[in-house]
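Protein sequences appear in the order of chains A and B. Using our numbering, the letters of the first sequence map in sequence onto residues 1 to 268. Using our numbering, the letters of the second sequence map in sequence onto residues 1 to 534.
Treat the hints as calculated values from the structure; they're not laboratory data. All values derive from a computational prediction rather than experimental measurement. Honestly, I wouldn't trust all of these hints.
Derived coverage of chain B by chain A (criterion: at least 3 residues anywhere in the stretch with Cβ under 8 Å from a Cβ of chain A; other residues may be distant) [claimed, not checked]:
1) 5 to 16
2) 60 to 72
Straight-line alpha carbon distances no greater than 27 Å define the calculated DSS-like cross-link-like pairs of lysine-lysine that follow [said to hold, decoys possible]:
3) Lys135/A x Lys102/B
4) Lys135/A x Lys98/B
5) Lys218/A x Lys2/B
6) Lys235/A x Lys37/B
7) Lys224/B x Lys218/A
8) Lys17/B x Lys37/B
9) Lys187/B x Lys219/A
10) Lys65/B x Lys135/A
11) Lys2/A x Lys232/B
12) Lys235/A x Lys224/B
13) Lys242/B x Lys2/A
14) Lys28/B x Lys135/A
15) Lys98/B x Lys2/A
16) Lys135/A x Lys60/B
17) Lys161/A x Lys102/B
18) Lys235/A x Lys225/B
19) Lys135/A x Lys242/B
20) Lys235/A x Lys242/B
21) Lys190/B x Lys37/B
22) Lys123/B x Lys205/A
23) Lys205/A x Lys103/B
24) Lys2/A x Lys190/B
25) Lys128/A x Lys225/B
26) Lys76/A x Lys123/B
27) Lys32/A x Lys224/B
28) Lys71/A x Lys224/B
29) Lys224/B x Lys128/A
30) Lys232/B x Lys128/A
31) Lys219/A x Lys2/B
32) Lys242/B x Lys205/A
33) Lys430/B x Lys198/A
34) Lys65/B x Lys196/A
35) Lys76/A x Lys102/B
36) Lys135/A x Lys190/B
37) Lys264/A x Lys28/B
38) Lys218/A x Lys98/B
39) Lys128/A x Lys35/B
40) Lys198/A x Lys37/B
Even glycine gets a Cβ: it sits at the ideal position worked out from N, Cα and C.
Each chain, written out:
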Amino acid sequence: MKQADIQPFLIEFFTSRQASIVEKSDGILTVKLTEQLDEQLMNRPFYWQYVKKLGKVGETMSVTFITDEEKRDQQKGEWIHFGSPRLDQIFHIIQREGAYTVLYEGCQSNSTTKTPLHPWLICNIRVKYRGFLSKDELVSVGIRLIDGTMRFQMMDEIEHKNFVSSVPNFCFTLPTIISTERAVERVTEELQQRIKQKSTHFVNKSHRLYEREMDMLKKLIIDDEKDDAEHQHAKDQIFERLYPQVDLEWINLGYFYVSEQMSKELIS
Amino acid sequence: MKVQINQHLVSECQELKEQTSCDWRTFKQACQITKMKSTQGERLASLSFLPELQPMPHQKEAAEKVLHEMHGRAILADEVGLGKTIEAGLILKELMIKGLVKKVLILTPSSLIRQWEQEMNQKFYIPARAKHRSYDWTLYEVVVTSIDLAKKSPHQEEILQQDYDMLIVDEAHRLKNSQTKNYQFVKKIKATYCLLLTATPIQNKLDEIYNLVQIVRPGLLGEKKAFKQQLKKDPETQEAMKQLIQTSMVRNLRKETQNQWTERNIETIYAQFSDEEQAFYNSIDNEQSNHALTQLTMKRGFCSSREACFQMLAKNQTQHAIDRINELKELPQHAKAIQMMNFVKELGEKCIIFTEYKATQIYLQWLLHQHGLLAVTYNGDFRKSKKQWMLHLFETKADVLITTDAGAEGLNLQHCRNMIHYDLPWNPMKLEQRIGRIHRYGQTRNVQIFYMILKNTVDEKILNLLYDKLDLFEGVVGELDQILSDIGVGNFEDEMKEILSESASDQEASIKLDNLIEVAKSHQSERKAINETS
């Protein structure tokens, strides 16, 4: 996404959330917010609390977003760019809303043959490495809830496929055999296995530096009696910074019901 | 070997399932946004958001190192002109994009506030605002201000109440002394991430680096007493200490990044005193009453201008001083100044003139003006707004900027490529600081450096003794500060003055200086040998 992509992104974001576009030109966009968006974005909880208490309908705000730097002086409005708090706020909304889904493959079917849809669970997880260096890895694991078959890089596979939010006509969903908890457990086990296998360099180097700093610290502590808390603090700091750790965090989680054909494609 | 894996995926998945289901596009976007905000390998996510910015390789590496290995708390100690501000901007932008940093406090010398504000806004789209008395500290997320303002009451109390995500201190060598109010104040500011910027992390003693590290990584170097004891031990321990320091410090040297730089040409321009001037100059030696060091100082002053010399004399109310002042009044225009003025006219390009004396500054401005050249002055006494205005004039209208070393700290003047050292500084580090104003990140043309030298004077002595030996210093200059402190020679300037004033002949002075350089160099090769074996 570049600066020029921000305006189309905003238009899509606001229209898909039922806000109306008041004015649109190159680099300038004015949007009349919905009540929900106003509450999420404009940070005026007292106003909304007051309005609701009186049982009235609140007046939502209109906001002008300027995405072309040269137009910053021409018009009143918010200059929006990467790293601006507003864009970050919008990103947060998407991340929060996009944390969970249930979707169905948008397949065409006719009345004579009913199409069964196979259940998959997609786990998108952020793997954070912390140690001599910090880095993130995003993994997308799909697990078929019938037999536990797993597939990595799942999002890449289905990125261009069409999914809808309700069961398409003449389709029905097959029941799951593996429970969600069990499926997540298996995904986690597999992930941990893989992380341990591929991160030996990261782990070794982190341990080496960790121990070197701990040794150094020992030499630097002259008086063991004095201020033990401070030394413990220094040790904790070194541990936090260098001891190899991996955090697994959810990005999002979704049930995907797909046709038998797609299910087969995913496994092959 | 063990690795600790932290996860609560199963229990957290229960919470996720209670949410409303989203549509396909939002689900995909949530993944894309997370990806955008993640550290993918060693790459900086912020670069794709800053298409106009083209950081140099060492700047990118520095930012990556600070982010990925130093966890956002570090001393950025590149030599002057290598773009520490760019590095700090990159780091800040990266953390802001990832949503890790919102509230930022930037402390700079007051002359650089405007520059920081502009650079952050224009180069990085970071909405930095200079603090103004009309609004509160909390009004803007990213505030730029000077330590001097920040440490005053009630600002100090208000700042200490805040939880900042990031603290940036520019020209952080001002914090080298842990006894000062500045130091104690900065140490108390609460911030998750912290960058200290300085070109000279060690000016005199290794203690200074201890104090800076104590801010970015408290406890890393243990207690001060133990730290000092360790330093006195074997070279191996010392080397280990240095490595430890390096885990929180990035230092790029100009010579390591050289191929990216435009060329630097150095030329010496000679002037000759008129007979009367020479006679006055020679008579300084005959002033029995004065100490050798005082005589040297007086000579240096007179080599700069009558006005500089006058200022020195005027401090004494003795009859002798008054007589000397009367002699001064009779002298013609200063030979070196005339020579320089003609040179600037011939040059026909903008140039920066460095002098050690404020009196000379005013004299030169007057002289240039008499001959149709527009010159502006700049020094540490000016108020912030005046400084800004002078720089603006220099960029847009004036032909010449006349400045002192005190005034020029941290300035970016790469729009100009000529620099005249009207007076030579004692310390070659200072020379590097000066040249760094124009020979820096962003300079597109070759730069031209000129020394102004009066023949048969202390000017020439300094040139021959010190500056002709600069190539001997080659490779040491960048580290001179560190080396001198390592070998226990406190201050290069004092050392030089002593050599010059206490040597019976030039040869003696030359030999003494050679010795000093020899010691510095042998010390350096020792360090190198240790580095290579480790």
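Going down the list of hints, with the structure as the test:
1. Proximity of the region 5 to 16 of chain B to chain A, defined as three or more residues with a beta carbon under 8 Å from a beta carbon of that chain, is established by the 8 residues found.
2. Only when three residues or more bring their CB closer than 8 Å to a CB of chain A does the claim for the region 60 to 72 of chain B stand; here the count is 4, and the claim holds.
3. Taking the CA atoms of lysine 135/A and lysine 102/B, the gap is about 21 Å. The hint holds against a cut of 27 Å.
4. For a cut-off of 27 Å, the pair hint linking lysine 135/A to lysine 98/B stands: about 13 Å separates their Cα positions.
5. Our distance criterion of 27 Å between C-alpha atoms is met by lysine 218/A and lysine 2/B, whose separation comes to about 22 Å.
6. Proximity of lysine 235/A to lysine 37/B is assessed by CA-CA distance (about 30 Å); at most 27 Å being required, the pair is judged violated.
7. Between lysine 224/B and lysine 218/A the alpha-carbon distance is near 14 Å, which keeps this suggested pair within the 27 Å criterion.
8. Simply put, lysine 17/B and lysine 37/B have alpha-carbon atoms about 24 Å apart, close enough for the 27 Å limit, and the pair holds.
9. Distance restraint check for lysine 187/B and lysine 219/A: the Cα-Cα separation of roughly 25 Å lies within the 27 Å cut-off, and the hinted pair is therefore satisfied.
10. The hinted pair formed by lysine 65/B and lysine 135/A meets the criterion: a straight-line CA distance of about 12 Å does not exceed 27 Å.
11. Restraint check for lysine 2/A and lysine 232/B: not satisfied, since their Cα atoms lie roughly 54 Å apart, outside the 27 Å limit.
12. Simply put, lysine 235/A and lysine 224/B have alpha-carbon atoms about 17 Å apart, close enough for the 27 Å limit, and the pair holds.
13. Taken as a hint, the lysine 242/B and lysine 2/A pair is broken in the structure, with Cα atoms around 42 Å apart against an allowance of 27 Å.
14. With a CA separation close to 22 Å, the supplied pair lysine 28/B and lysine 135/A stays within the 27 Å bound.
15. The suggested pairing of lysine 98/B with lysine 2/A holds, with an alpha-carbon distance near 16 Å, which does not exceed 27 Å.
16. Taking the CA atoms of lysine 135/A and lysine 60/B, the gap is about 16 Å. The hint holds against a cut of 27 Å.
17. The straight-line distance between the Cα atoms of lysine 161/A and lysine 102/B is roughly 37 Å, outside the 27 Å bound, and the hint therefore fails.
18. Restraint check for lysine 235/A and lysine 225/B: the C-alpha separation of about 19 Å stays at or below 27 Å, so the hint holds.
19. A threshold of 27 Å between alpha carbons decides the hint, and for lysine 135/A with lysine 242/B the separation of about 26 Å falls inside it, so the pair holds.
20. The hinted pair formed by lysine 235/A and lysine 242/B meets the criterion: a straight-line CA distance of about 19 Å does not exceed 27 Å.
21. Of the pairs offered as hints, the one joining lysine 190/B and lysine 37/B holds, with about 25 Å between alpha carbons and a cut-off of 27 Å not exceeded.
22. For the hint pairing lysine 123/B with lysine 205/A, the CA-to-CA distance comes to about 36 Å; that exceeds 27 Å, so the pair is violated.
23. Distance restraint check for lysine 205/A and lysine 103/B: the Cα-Cα separation of roughly 33 Å exceeds the 27 Å cut-off, and the hinted pair is therefore not satisfied.
24. For the proposed pair lysine 2/A and lysine 190/B, the alpha carbon gap of about 34 Å is over 27 Å, so the pair is violated.
25. Among the hinted pairs, lysine 128/A with lysine 225/B is inconsistent with the structure: their alpha-carbon atoms are about 38 Å apart, more than 27 Å.
26. Straight-line distance between C-alpha atoms of lysine 76/A and lysine 123/B comes to about 22 Å, which keeps the hinted pair within the 27 Å bound.
27. With a CA separation close to 60 Å, the supplied pair lysine 32/A and lysine 224/B exceeds the 27 Å bound.
28. In summary, the hint linking lysine 71/A to lysine 224/B is not supported, as the alpha carbons are separated by about 55 Å, beyond the 27 Å threshold.
29. Restraint check: the Cα-Cα separation between lysine 224/B and lysine 128/A comes to about 35 Å, which exceeds 27 Å; the hinted pair is violated.
30. Note on lysine 232/B and lysine 128/A: the hinted pairing is violated, with a Cα-Cα distance of about 41 Å set against a maximum of 27 Å.
31. For the hint pairing lysine 219/A with lysine 2/B, the CA-to-CA distance comes to about 25 Å; that is within 27 Å, so the pair holds.
32. The straight-line distance between the Cα atoms of lysine 242/B and lysine 205/A is roughly 19 Å, inside the 27 Å bound, and the hint therefore holds.
33. With a C-alpha separation of about 50 Å, the suggested pair lysine 430/B and lysine 198/A falls outside the 27 Å cut-off, and the hint is violated.
34. With a C-alpha separation of about 24 Å, the suggested pair lysine 65/B and lysine 196/A falls inside the 27 Å cut-off, and the hint holds.
35. For the given pair, lysine 76/A sits about 23 Å from lysine 102/B by alpha-carbon distance, which is consistent with the 27 Å threshold.
36. Among the hinted pairs, lysine 135/A with lysine 190/B is consistent with the structure: their alpha-carbon atoms are about 25 Å apart, no more than 27 Å.
37. A distance of roughly 22 Å separates the Cα atoms of lysine 264/A and lysine 28/B; the hinted pair therefore holds under the 27 Å criterion.
38. A C-alpha spacing of about 36 Å is found between lysine 218/A and lysine 98/B, which places the hinted pair above 27 Å, so the restraint is violated.
39. Distance restraint check for lysine 128/A and lysine 35/B: the Cα-Cα separation of roughly 12 Å lies within the 27 Å cut-off, and the hinted pair is therefore satisfied.
40. With a CA separation close to 23 Å, the supplied pair lysine 198/A and lysine 37/B stays within the 27 Å bound.
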